[in-house]
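Student: Place chain B with the ligands on chain A using the hints.
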Amino acid sequence: MSEFIDRGGQEVIGVARVEGPIVVVDGAGSVGYDEVVEVFDSRGRVRRGRVLEVGEDVAVVEVFAGTTGLSIDDTRVRFLGQPLRIPVTEEMLGRIFDGMGTPIDGGPEPLADHYADINGQPINPTARVYPRDYIQTGISAIDGMNTLVMGQKLPIFSGSGLPHDQLAAQIVRQATLGAPVGETPTQAAEFVIVFAAMGVKHDVAAYFRDSFAESGALTRVAMFLNLADDPPVERLVTPRVALTLAEYLAFERQMHVLVILTDMTNYCEALRQISNIRGEVPSRKGYPGYLYSDLASIYERTGRIKTSKGSITQLPILTMPNDDITHPVPDLTGYITEGQIVLSRDLAYQGIYPPIAVLPSLSRLMKDGIGEGRTRADHSHLSAQLYASYAHVQDVRALASVIGEEELSTVDRQYLEFGRAFEQEFVNQGPTENRTIEETLNIGWRLLSILPPEELTRVSPDEIQQYYRK
Amino acid sequence: MSWQIGTVTWINGPVVRARGSRQVSMLEVVEVGDEHLVGEVIGLEGDIITIQVYEETSGMRPGAPVYGTGMPLSVELGPGLLRSIFDGIQRPLPVLEMRSGSFIGRGVHLTPLYRKDRWQFTPRVKAGDYVTGGSILGTVPETPALEHRVLVPPDLEGTLTWVAPAGEYTIDEPIARLRTENGEQELTMLQRWPVRRPRPYRSRLAPAEPLITGQRVLDTFFPLAKGGAAAIPGGFGAGKTVAQHQIAKWADAQVVVYIGCGERGNEMTEVLQEFPELVDPRSGRPLMERTVLIANTSNMPVAAREASIYTGITIAEYYRDMGYHVALMADSTSRWAEALREISGRLEEMPAEEGYPAYLAARLAEFYERAGYVETLNGERGSVSIIGAVSPPGGDFSEPVTQHTKRFIRCFWALDKALASARHFPSVNWLESYSEYVDDMADWWREQVERDWQTMRGQAMTILTEESRLERIVKLVGPDALPDEQRLILETARLLREGFLQQSALDEVDAYSPVQKQIRMLDLILHFHQRAQRIIKRGALIVMIHDLPVVNKLMRMKTLVANDQLEKLDDIRRELDEQMDQLEAEYR
Ligand SMILES: Nc1ncnc2c1ncn2[C@@H]1O[C@H](COP(=O)(O)OP(=O)(O)O)[C@@H](O)[C@H]1O
Ligand SMILES: [Mg+2]
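Just so you know, the protein sequences line up as chains A and B, in that order. Note that the numbering used here has the first sequence beginning at 606, numbered continuously upward. Note that the numbering used here has the second sequence beginning at 18, numbered continuously upward.
Same shape as in the complex, but just chain A (with noise of 0.2 Å):
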């Protein structure tokens, strides 16, 4: 449903070249750098595209649905003389959108008086707010060791098979506005969903809708999908639409989103492939050496500003080939958001849910989303200790897995005990399972209380007597 309203954007019949999902346009005059253009086959069907580059009378327009049909000589392409825009209405909440916008609902196409362009401007970092409220998702892994904050862009980082979409849909159905032990939330925040796919499988988009229509979620949800086997290029289109909506919402209509980006992956992917196409320099793994740039661009679209109260918190979702932190993907992706929730496959394997690897895993604004006033008192130090105990649970299982459990010292079995016990009744839980804050930290004390008081020395004396239970 980007706009179609024409506006006198001049118009060429014939292409000097088609390669891929790029057509290069000659004998176009004065044409706008990322303007859209419509691209109309022999048949006068129309398509969408982008310009990626421009001289004095030659562009290099992406064409989103690809470029399949087009010949040189029967094609006309259009200029359309701006930026690529959608119309952004809070009646486009409850709907379902094709990638790039237009509804695939059945529906009719939302009415609305803004229309917004899709690239977004970057947030002044002085009219930002720095997120600070945390948000109870129920899943101890998450709210006691990774919490999540609201304005946060925290991605799970996955791998095929695994069951990030669940763990996704328990989030989104479980979410609320946390409030500190023993209180209750002052504000029942409502979340709105904006639910991004790029390439992802129907039954994997079946199922999200289904999740929210179970949890009567479904009239809070926009869902923009850009399935496996639509055009790969209008995935590069995709985050950017729903974001402009989820701007829309926090920032004007005074709402906290959720956003879920599913999956990065598939969207870089479409990003080499452009790239690839073009003959650009690549960097690693043949992906460009813009992906950290843009992949920000769509990453930093997220958090607080003094003039709404409204919020985007983001969760991609990525799968990380062969399960390769190091890959380009999740390597960028996380040096820009603002942590990471990685689940294992081994954890998986032995049938825990959700198989969170809580070590690698990281909320970089937990540590002032917690403390006394937001969860409890000893939540910073308790989790600091779980990570450090936990750390040590390793070591000692590479040791035993070298000299037998008979052979290690006592505290070194009361270890391989915390570990076990840790990942059986920490993280691991039902995936209907909502556990309050205050429960999960005192699993987390009973838990530590396996292992001998002095081993515990990143939780202070005071808070041992408090909590520690032999």
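It is worth saying that the hints were derived from the structure and are not from the lab.
For lysine-lysine, the following DSBU-like pairs were computed, each having C-alpha atoms within a straight-line distance of at most 30 Å:
hint, chain 1, residue 1, chain 2, residue 2
1, A, K890, A, K806
2, B, K434, A, K972
3, B, K570, B, K434
4, B, K570, B, K554
5, B, K492, B, K434
6, A, K911, B, K133
7, B, K570, B, K585
8, A, K890, B, K423
9, A, K972, A, K911
10, A, K1075, B, K570
11, A, K914, A, K972
12, B, K492, B, K570
13, B, K570, A, K972
14, B, K434, A, K890
15, B, K143, B, K133
16, B, K423, B, K434
17, B, K554, B, K492
18, A, K972, A, K1075
Pulled a few chain B residues facing chain A out of the computed Cβ check, cut under 10 Å:
hint, residue
19, R123
20, G277
21, R281
22, L310
23, R363
24, E365
25, S521
Listed next, with one range per pair, are the computed distances between beta-carbon atoms:
hint, chain 1, residue 1, chain 2, residue 2, range
26, B, T149, A, D662, 55 to 61 Å
27, B, D598, A, D929, 53 to 59 Å
28, A, K890, B, L364, 21 to 27 Å
Ideal Cβ positions, reconstructed from N, Cα and C, are used throughout, including at glycine.
Tutor: Just chain B with the ligands, lined up with the frame of chain A:
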């Protein structure tokens, strides 16, 4: 003031080509299109001008006008820099916010320094004095934390014909008149300097004192000299930014320039929110009063990211020239290098390693060479220390930016993913990191702290190195196979790691550790080791040492002992001796 010099012929993201005048010069600032977007000439060939544009070029068309300014990319220098936050080309972000709202608009032209403020100027010279570049004309209390010294611009000298009396002036108003060889010239508190040209000084001095950061692993183990250059490489989440923030907060520099280069918006917001609240332990004033922030976040235009580093370092040099110690942090130099790569790629230049242009090393060298401890033009001493974060892809230090950076710095703080995921922070790997300033700093410790720091540091390093060797054995056979003397090394190393090296930036007491506390903590741990060694030689078992109550105290002393109660460390030492004495008595 600008005039048309050409018209745009080609646009590819931030890179634009134009056809026009052959009088345009390399690195001249130009304005592009009807919106007058700021750009810089980065290539000339015949009548083709290649420009990098510091703002988003979306919608720009061939045929758009290009205007010249005749000036290279410059920054404004004068009172009002401190407490400010600028973008990469020195636009003041709060003013930008007032102008274009929460989102950064295009083509907004703003003067970097606010013109209407009046500053209390006190002259230090009088009419008739002969002054040269760098001479102090007078002073301005720029913030309660810092006296701004108004300098004669570096390239001027002559006799003063008039000096303004003490009073309040704006930065545009004349405060002196100077008769030079080329005629009389009015001087104001406002100066400009081209960012890509290092500001001159009289001579370089050898590094002689450490930049104290209050971070034990840095100050005690891998010290950075004032005027030195350090790199902090580390994968994502390893702790680069927290380390940079810690240094910006606690370093004993008089001025801090913090450049957020291609990183997160929220991190700059965090600094903006925190620094006015935090108090500098030395001046007792809010940290913001000594700080200049430059923010070109990852989603802001990439060419301005490239410029931000130069904008920052020029401001740092300016305060150095007043005779101050300045610490500059750049987070992250890798994003700056990537900006170079991106521009270079769009120019279709021949890439060298991993797509980076061949001149990457030269640019890094130029940047780090602007660090230094110098005698300024007016004979004062000042320094610029550079601390650059490096973000190697996949955390792999063999990549070009880390490797080239290593050639130009002398302090390498290698952050370690494994330590970070075990939440050992700062995750500075003590085996991989180094400081080439250690020898140069020994005298300072002897004189200022009155301790033989270098020897103590050496002993601690030996224990840590030995530990890593022993750990390899333990991994194969378990700790029980080691003789107790060696197990003591593991025990002491654990104390060093957890009790000393580990330092939480979030802890109220431990975020900052004064050098006196550092050296006394280290002394205690070494003392523990020596005493335990003796007792073990006499046949005591390692478990007896391990179970001494004082071990837990040593582990916690960093937070138990407040920075203004260091005498409590003596109590711990007494306890340690008592418990050791007792044990020793059993093994006479
Ligand atoms: N000195 C420290 N003390 C406590 N926590 C730290 C420290 N350094 C890093 N951290 C933790 O690690 C996280 C990531 O650090 P950060 O500096 O943002 O990493 P990087 O910049 O290398 O990606 C922080 O959010 C914080 O939780
Ligand atoms: Mg960082």
